[in-house]
Every structure is written in C-alpha cells, then in structure tokens.
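Chemist: Listed below, chain by chain, are the residues.
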Amino acid sequence: MSLTILGPERPEGALPGVLQKHGVTGPLALVSAGWRYDEARDEPLRTAVPNEVRNLRLYDRFRILEREAPDLISRYTAKQDALRRVKHRYRMRVQAGLASATALHAEYKDVSCRWFLQSIRHLQETDELFLAEARALHDRFESEAQPGQHPLVRRARETVREELAGCAALLIAGGHIGVLRNRCFFFDLGPVLNHQPLYAWSAGAMLLTERVLLYHDRTAYGPGTAEFLDHGFGLLRNTVFLPHARERLDLDNTLNLTVLVHRLAPRRVIGLENGAVYDNGAYTGAPGAAFALHLDGSTHAAGA
Amino acid sequence: MQPVLDLIAACERPRVQRGPLIEAFVKDRVFPLVTDDHATFFFWDGEPYDSVFLQHWVFGLPSRIELLRIPNTNAFYLPLDLPKRARVEYKFELMRAGKGRWTADPRNPRRAYDPFGSNSVCPASSYEEPEWVKGTPDIRRGELVQGRVHSKAWEEERPYQMYVPYGARAGKRYPLLIVHDGADFLHFAQMRECLDALIAHHEVAPMLVCFTDGARRNWEYAANPQQADFLALDLLPHLRQNFPILEGPEFHGIMGASFGAVSSLFAATRHPGVWGNLLLQSGSFAFTDIGDHERGALWDPIVEFVNNLRADPPRIESRIYQSCGTFESLIYYNRSLFPVFQRVADDARFTEAPDGHNWINWRDRLREGLTWLFPGPLWMYYE
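Chain order of the listed sequences is A and B. Taking my numbering, I'd label the letters of the first sequence as residues 1 to 304. Taking my numbering, I'd label the letters of the second sequence as residues 1 to 383.
If you are wondering where the hints come from, they were derived from the structure by calculation, not from laboratory data. Even for Gly, the Cβ is constructed at its ideal location relative to N, Cα and C. Keep in mind that a hint or two might mislead.
[Stated by the list, open to error] 30 Å max Cα-Cα, derived DSBU-like pairs, lysine-lysine:
no.: 1; chain 1: B; residue 1: Lys172; chain 2: A; residue 2: Lys79
no.: 2; chain 1: B; residue 1: Lys84; chain 2: B; residue 2: Lys134
no.: 3; chain 1: B; residue 1: Lys27; chain 2: B; residue 2: Lys84
no.: 4; chain 1: B; residue 1: Lys134; chain 2: B; residue 2: Lys91
no.: 5; chain 1: B; residue 1: Lys91; chain 2: B; residue 2: Lys27
no.: 6; chain 1: A; residue 1: Lys87; chain 2: B; residue 2: Lys172
[Stated by the list, open to error] Covered by chain B, according to a simulated footprint, are these stretches of chain A (three or more residues, beta-carbon under 8 Å):
no.: 7; stretch: 193-206
no.: 8; stretch: 209-223
[Said to hold, decoys possible] Non-contacting residues of chain B with respect to chain A, defined by C-beta distances greater than 10 Å in every case (computed):
no.: 9; residue: Ala24
no.: 10; residue: Phe25
no.: 11; residue: Pro109
no.: 12; residue: Leu233
The following block holds chain B by itself, in its conformation from the complex (with noise of 0.2 Å):
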C-alpha cells in the first residue's frame, strides 16, 4: 500500500506532471500490489472513467467494490486484506456515461482460466502454487485414450477419454476414477499432468482415470437419474469390459465439481454399492429448509435430492473427500451436508480453502482428495 500512498502524495503536489508520475509508477511493477496478507488493486490505462469496480467472486465481500480515484487522475486504487493462503479471482468493471464494461487487469499476467475466459488472479503472499502442478520434465507422462460408449440411457453414443498411467503393464488391474466435466479437468485444472506427477511420486496409486462429459451438461449433472445410470449401466461396464479395472466398488470411484459433484453424490445414492468412493468438490448441495429457492427451475431436482437426503439420509456406501472453497456462497450448503456424510457414509473428509469456485480450487485439492481414497505407495519407496 505504500508505494500507492507515496504516489498519491506526489500527485497531490502542485503544477506536478501527473501522467510521467503515474507511468513511471506502473512501470516494472505486477499489480495487485501484495505484502503479507494485503493487496492494493490499482488501475489505470491512460482513458478516463467515471469509476472503476472490482468485480471478484468472494462470496461474503460486497461482489461489486468500487476503486478510489487517485485525485486529480484517471488512476484508480482498491486495499484489501486477504486471508491467508488466498486466491482471488477478478475482474475490472470501468464505467463510463452509465455502461460499465468488464476487464481482466491489464497489469497483471496472472490469469486462471475457465469455460467462460479467464480472469485475473490475485494471490495472498501467503499462497503457494503446489509443487506437484509444476511437474518436471523427469516425470513421465501416462496416455490418453479416446473411446465411445453406446449409452442406453442417453439412447445415443458418448466420448469418453480414459487416462492411462505411465507403466501400466499387461495382467495388472488398477483402480478407476470417473470425472464430469472431463475436458474441463483436463484443461483448466491440468489433470493430467497432475495425475503423472502425484503417480510417479508415489503419493496416488497408479489408476485409470476416465474423462466425460455432458451433452446438456446442466440438466444432466442436476441430480439426473439418467446420468446416474449412464455411468453405472452404461459406462462402467463398458470400462470393466475394455479396461483392465480391479474388481469391486472399493476400487471404483467418481467425481466432480459443482453440479459434477451433485452428479456424484447422486449416482451413489441411486445406485448404493458401486462407486465406493466419491470425490465431490464445490458441490452445489442447495437444499432449503423453508420456503423455495431462487436458483431456478434448473436447481429444482437438486434441491428436491439434498432436502431428502437431508430429511432422511439414507446409508452411502462410499467413503467421501469434499472440498469447497470458503469464497463460495456453497460453502454453507457443503458445511452443512458434512455432518451428515460423516454419519451416513464409509467415511467422510472434508477440506475448505481461502478460495472460489473456480478450477484452480479444485485443481490444488486434487492431491488432498486423490492421495486419500487412492492412495500410493509412498510409504514403500526409498530410492
């Protein structure tokens, strides 16, 4: 915040040459400006704006927090403490004759990326990329297989892409994890490359991992019984007969993010016994315990499902690793199905992160999760 502060002091000097101020300010410097746990956002690109806000997707902040005008300038400033360890994901709202016009901040590289853009990112000092994203050239990288399956609930076929690790070998079966949103996972949170780097340090058990996704996404991930038996009819068997998959429901697994992980949750429950374990990240559980909902005709079936699962849990024969994000407005509907996981499930874990919902969350709980419904070998290697 300081050197903001100084800049704004020199502005303030009279018959001072502000613009040459402000550029040689922004020169060579990443904004946020982050010390410790506190960032001070900055923009400024030459044009004037009537305001600036910060858009961000921290839910318990006011979601729209508008910049302060350095005097006399066209340079806006935002401080702001951050938890520890925290990821903010944003985007810049400048305003101009009443329309507003959104921007991801032009002096700031750090960008995550998701189906709908990118946004830029504003970490905490505090905050760490995990080494095992970064992977090294060492580690070497398991295959990627298309496939297709005639689905009989979906009375159509389907792509799939199951990830094969590094060193599978012939006569050996291996755990399955079935992903939603597959392609996303792939791309926006580089699953591959982190199932190769946590396989070859031993810490997840080497596993095929198959990759799907959605025609309808939506509707089919909220709490859809055709989804259900989709992957369990459809898709399992069709893997057991072309892959070679350990037996049994303790080594078959699905998971997902947000409504994937409704998608999750509600394929175990409906079909009890053969995905023993779920990994459910940012669920989107929203359950009412008064009244409607206002999320849409589209929550309906997954407020029907958490409200009865709620009502009347009924034995989850899985255990359960659940993250969510402590910015996220699901936070409440994911502290509060925990409880009932721990009584209802094999077992159940539960994660929360200074974090969104956003892929990168999900991406750095993977090893939390992964390590702890299929764990490696890592006890057993001393090279």
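Next up, chain A with everything else stripped away, as it sits in the complex (with noise of 0.2 Å):
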C-alpha cells in the first residue's frame, strides 16, 4: 500500500506537486468530511489538481441518516453521549496526573527521577483506560445496533466503496478532527483504506494513527490539557502527528514538552507544518516542515 502523509495544506498546497510525482492521473476520492457543513466547498481542491474530483460526502450522508434512520442515530447518539462522560471523567484524572508530572519535573528536572516516572505511568495508565472505555462504548454500539445491517446504512457504505475503487487514490482532509474520525468509522472506511494509493493532511493524517491527541497551548487561558480524542485507523503505528504544532504548542516551554513526550512515548511525536511530506516513511517535504519531539522537550527538523 502506498501512503503520503502531509502537513497542513494551507497556505501553499504540496498534494498537487506529489501527485504529479506520483504520476497519479485518475479520478481522486475525497473525504472532507471534517469541513462539516463546508464538505462539498472542495472547489479550490478542484482547481489546484488537474484530476477529477469525487467528493465522497460522509457529512452529507451522516445528515440524510438522521432524517431517515432516527432510531439507529439516535442510538449512535446515546453512544457518543455516553462518551462524552467517560472523557468528563477522564479529564479530571488527566489534569490531576498532569499536573503532578509537571510540578515533579519543574521542581527537580530530573526525567530519571522515579515519582516522574511514576507519575508519568498514571498518566499512560489514565489514557489507557479511557481509550480501552471508549472502545468498548463502540463495540457495545456496533453488536447491539448493528449499524451495519441497517439496510440505508449498508447502502451508504456500498455506494462509498464502489466510488471509491472507481478512483486512482484517495484523499483524506483535515478540519474537524472528531467529525471526521467519525464520519470515516461510521461508514466503515477502516477495511478499504489501503486499497489504492493514500494521501492524508492534518487532521486525515492524525486519523491514520492508533489514537489521536488533542492538543493546544496557545487558548484564552493558555496552555490546554492534552487529551486523546479516540482511537484513530492505526495504518501508522508508534506515531503521533501534531499539525499546526508551531502555531498550537508553545515550543519553548521544554517543561510542558518533556512531559508531553514522555507521556507519549514510546510513540514517536512529529509536527507538522505546511510543506511537510512523508512519502511512505521517507521525507521528501520541506526541510523544517516536520520535526520529531524529543524525550528532554527539544525539536529535530525531519530532512535537515
């Protein structure tokens, strides 16, 4: 399988160059759905690559359920509630392991230090755990209404992947990171992700890793609380994609960083930037475009 991971495609789009290179020429599928209601303003995508684009509306698709499968969205909606207290409480665990962590390392700076590491495992253990919950909100989801059985759901999902194996390759866009992810799992995309060529930007290629973590410092109050959204595709393992990492997370402050990472570890954390390309692993984007986040809070530029 082929998969081309991207930064933000904005202000300066890389997708056409590596398509080009890629002597990708047929019809490209799309998955905007984490525009939301701006899904089908996919024109400037349009003008910027000479292939033809098809749109395959997940957004659009999810909406013609809730009028027409109540019952069924209904209980995908209880789910998704039930989700948000599990995450209610999983943040109260995690600003409480978090700000342990970061007090024991602002006060004694020693990442070797047992109670760091050990706040640091409450930490992974706390993120374990909601993500192990949050999981099985979903399978209990997936036996119980069988989403899949629903005969508009079926066909919903029948007419994506036939559009989709009409197409040379698929392109997955950011946006609304929690839309999209379950726009994708709940047409079921998992299964035939890998059967052409794939290119994923910002919040599509966060979508593509085991579990996707949110993240800011730059809000009215500050720093925010990291947090995991939910478990992505896990097409790219031991990797965690931070796009916008520049403009989100104040990168000086090594303090915040070190424990970020450690908490992460042993996954490898790279932001990313507009012009940033991984070619099927290898770095082929603009130098500083990505970089790897280090254990001691410090960056490496990918393709110095």
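From these two lone chains plus the hints, build me the complex, please.
Modeler: Now the structure itself:
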C-alpha cells in the first residue's frame, strides 16, 4: 500500500506536486467530512489538481441518515453522549496527573526520577483506560445496534466503496478531527483504506495513527490539557502527529514538552507544518516543515 | 518625553521664532508621544488659553490634571506614566477667562466611541488591539435578524436583534446568550464582528446571541424585578419558540456591562436555574458597609440588592465570568464581590484589565468571557 502524509495544506498545497510526482492521473476520491457543513466546498482542491475529484460526502450522507434512520442515529447519539460522560471523568484524572508530573519535573528536572516516571505511568494508564472505555462503547454499539445491517447504512457504505473503487487514490482532508473520525468509522472506511494510494493531511493524518491526540497551548487561558480524542485507524503505528505544532504548541516550554513526549512514549511525536511530506515513511517535504519532538523537550527538523 | 524637552530648550533660546518651532514639532507627529509605558500629552492649537487640563477616567489619579505650559508659548504638555498594557481615554479641558471647554485631542486620530460621543485614546506601547477584533475578509459573517416580543412584564412590545451564526443549519440547536445594551454592544464594542471572528476561529461555539435594549435603560437595569421577569418569562420563551435553542440552563446565558451586569446578576438570582452562564463586565455592584451611599436614588435598589447579596448570598446556579477595569471606581466593588461568587456560584472567573469603564475594555474581554462560558471546538480543528 502507498501512504503519503502531508502537513496542513494552507497556505501552499503540497498535494498537487506530490500527485504529479507519483503519476496519479485518475479520479481522486475525497473525504472532506472534517469541513462539516462546508464539506462540498472543495473548489480550491478541484482547481489545484488536474484530476477529477469525487467527494465521498460522508458528512452529508450522515445528515441524510439523521433524517431517514432516526432510531439508529438516536442510538448512535446516545453512544456519543456516553463517550462524553466518560471523557469528563478522564479529563479530571488527566488534569490531576498532568499537574503532578509537571510539578515534579519543574522542581527536580530529573527525567530519571522514579516519582516523575511513576507520574508519567499514571498518566499513560489514565489514557489507556479512557481509550479502552471508548473502544468498549463503540464495540457495544456495533454489536447491539448493528449499524451495518441497517439497509440505508449498508447501501451508503456500498456506494462509498463503489465510488472509491473507481478512483486512483483516496484523499483525506483535515478539519474537525472528531467529525472526520466519526464519519469515517461510521461508514466503515477502515477495511478499504489500503485499496488504493492514500494521501492524508492534518486531521486526516492524525486519523491514520493508532490514537488521536488533541492539544492546544494558545487558548485564551494559556496551555490546555492535551487529551486523547479516541482511536484512529492505526495504519501508522507508534506515531503521534501534531499538525500546526508551531502555532498550537509553545515549543519554548520544554517543561510541558518533556512531560508530553514522555507521556506519549514510546511513540514518535512528529510536528507537521505546511509543506511537510512523508512519502511511504521517507521525508520528502520542505526542510523543517516536519520535526520530531524528543524526550528532553527539544525538536529536530526532518530533512535537515 | 525627550522630544518635548528638546522643544522646551529650543523655545527658551533668545530671539527664537517659537510659532514655527512648534509647528515643525507637531508636523507628522501623533500625540500623545508614547515610549514604553510612558506618555507625554501635548496640546497646541495656536490659540491662547489660560490653562489646559487633562480629563480622563482613570480611578486613582486626580481626575483633572493640569498640563504644564512651555514657557512663553501657548503650548502645553504633561508627562504621565502608564501601567503596562493600559489604555487611557481622555479629553482636554481648555480654560479661558474662567470658562472651560472640553475637546478631543486634535492631534490624536485614535478615538473610542460611546453613546455620549467620543474620547481620545492613549494606549501604552505595550497595549495591543486583539487580533480577533481586526477581522479578515475571509471570515464569513453571521446574520442579524430583527424581531419583536410582546412583554407582559413591560406591558408593551420590545424589539430585539438576533445574531445567527454563519453555517447554522436546520435541525441543529445552539446555545443562547442575551445581551443588555445590545445596540451599543453591536455599535461600540463591534460585538457582531467579534462573534464572527471568534466563531470562525473555533474559539467560541456557534451560538445565537440576542441583543436587547432598555426603553428606560438605567431604571430598568437597576436590579429591577420587571426586567428580570421580562428576560426569563417573556423573552426566553419567545426565543425558544422562534429559534433553535438548546434546552437547559447550561446553554443559556445573559451578559451586560455596568448596569447591564447588575441586571444580569439580579435576573439570575430572581430566577434561579434559568441562566447557567453570566458574563458580567464592570458591574455597578455598589454596596455600603455602613451609612448611606452617595450615588443618588437611581442606585438605591442596586445597593439594597448587593447589600443583601453580601449579607446572605443565595446559591447562584450559574458560571460567572466577571471583568472590570483597574481604572474604574467600580473595581473595589467588583473585587469585593468575586469571593462571594467563588463561594456561591457554580464556578467563577475574574479578569482585571488596565482600562476604564468603556466599550473597548468590554470588547477586549469578550474573548476570555465567551471562550470560557461557551467554548468552541478549537481543540478539534486541524485544517
């Protein structure tokens, strides 16, 4: 399977050049559900690439199901509500755990300190517990509601797969990672992701990893508490992508970064900026547009 | 300050033509001269005055400060230290033959507008207008819908303007915020543009915002039960019927500045469990520990309300975002009330800003208040 990961496609898109380099000439299937109500506003992409673009309209398809399969969607919504309640508890634990790890490292600056390592383990256990509970909720919904057996859902999934089968590549755009993830999982895109070359950027890239991390240091109230959203498709293992890392993360705050990278270890933590390209694992993008975050909070540019 | 000192030195030279010197000095300069957090105010219009005063609204400084005359000229100056990130609104008072005339600074294009006119603005060099206020052409605008509601409380129809966010779609419901002094918030605090930007940047949840105005504003907002009833019993049910509003007090908020903040807080205590979010800016929360207040009869119900609130605070089933300028006389009342809010509200947050009782201060605090009370999906967007 061919997999290309890109950074944010704004302001300058790297995708057209990559597609040209790869010799992709056929129609492109596009998932832009992360754009939500703007899903269909894909004119800039259609203008930027010579290929025909076929939008799979997952956001729109789900809205149709909201009207035409209300019972199923109501059960789906109940599952999402349950997930939100789990997340509320998860947040309380993460905030406490993060405060402890950060305080220990601020005071002693010793990453080999047993107390620091124990606080990191607690954080990791909290993350694992949340992800396990999230998976259990999804699994229970699948087994009890059996969305794949619903005729409208089955037909929608078949249509998506047929459209995908007629395309030379699949593009997954960024946007709202929660909506993007949920629509892609609902329409069961996972099993067919590797049937054609795959290009994903920003939230699309996050979706392909095992687990999706939400983060932002520059809110109105300063650094927020990084937390996992949910599982991703897991096509890329042992990697956490952080799109817009320079804008969203305070990279001078090595204290917070050290805690974050320890918490995510042993996974590689990669910041993705505009111009970043990982072509089947090899970095071919603009120098410095992707960088690794190390355990000591430092960064190392890809392609340097 | 140094350029003014140089001008003074030049004017003190014998046989110098001072008029052309001053003309050359003011040419291409914007006043006050601000370096770091120090300002030098300057006034000269070629006319003779007995004296010139700086009139400002900075609580803690003498409210009227006389400018110094540059010897043998009709030019005046005043050096003043400013707190970091401060904004000071001011006017000049020009005195001649015992009579004073107020005027904006003719050499300062920065103005702040309010219902009474405009003031000149002196920002410390460390003050930065928030990026999200400036807007960009690509930000898509929400819609303002005009509406009217019949009010039993006021026994008349009341108009309102409802902000509907861009991208609002049928079948989806939104949080609601009701704004006191709505027309002024739209006009002087650019609240529509702020909402457009904060929602577009995903910092604030897409929400419906109802802008209302009082007919007899000060009296209606002064802890008046009729206004509280109007909000909870007339306006809210009407808006629920006519707009897709999420159910539950956690999705309903009211806000206001000055008396509007009093009215918001009073509404939440009179109708507990209705308003889950309060955004209170520069609240006129006057109280007395002993003796009478000296603010006039209009304030009587406010002082009674706040005195009772402090003496025996009820549970306030709301999250409260409170802000006040440190240059306001109201800062004392607001600082005093915050611990009460911390004790009896669901949650409370307080911001002090080096600014005064004005619309720009209230505008600049909107991001903090709205993102805390109605956070948007900022964490979710990776475009």
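Chemist: Indicate, hint by hint, whether the structure satisfies it.
Modeler: So, going through the hints one by one against the coordinates:
1. Taking the CA atoms of Lys172(B) and Lys79(A), the gap is near 18 Å; set against the 30 Å cutoff, the hint holds.
2. With a C-alpha separation of about 22 Å, the suggested pair Lys84(B) and Lys134(B) falls inside the 30 Å cut-off, and the hint holds.
3. Between Lys27(B) and Lys84(B) the alpha-carbon distance is near 28 Å, which keeps this suggested pair within the 30 Å criterion.
4. Proximity of Lys134(B) to Lys91(B) is assessed by CA-CA distance (about 25 Å); at most 30 Å being required, the pair is judged to hold.
5. Between the alpha carbons of Lys91(B) and Lys27(B) the distance comes to roughly 21 Å, so the proposed pair stays at or under 30 Å and holds.
6. Our distance criterion of 30 Å between C-alpha atoms is met by Lys87(A) and Lys172(B), whose separation comes to about 23 Å.
7. Against chain B, the stretch 193-206 of chain A contributes 3 residues with a C-beta closer than 8 Å to a partner C-beta. That satisfies the three-residue criterion, and the hint holds.
8. Coverage of the stretch 209-223 of chain A by chain B holds [criterion: at least 3 residues with CB-CB distance below 8 Å; count 6].
9. Taking the minimum C-beta to C-beta distance to chain A, about 45 Å, the non-interface status of Ala24(B) holds against the 10 Å cut.
10. With 10 Å as the threshold on Cβ separation, the claim that Phe25(B) sits away from chain A holds: the shortest Cβ distance comes to roughly 42 Å.
11. Every CB of chain A lies more than 10 Å from the CB of Pro109(B), the least distance being 29 Å, so the non-interface label holds.
12. Every CB of chain A lies more than 10 Å from the CB of Leu233(B), the least distance being 30 Å, so the non-interface label holds.
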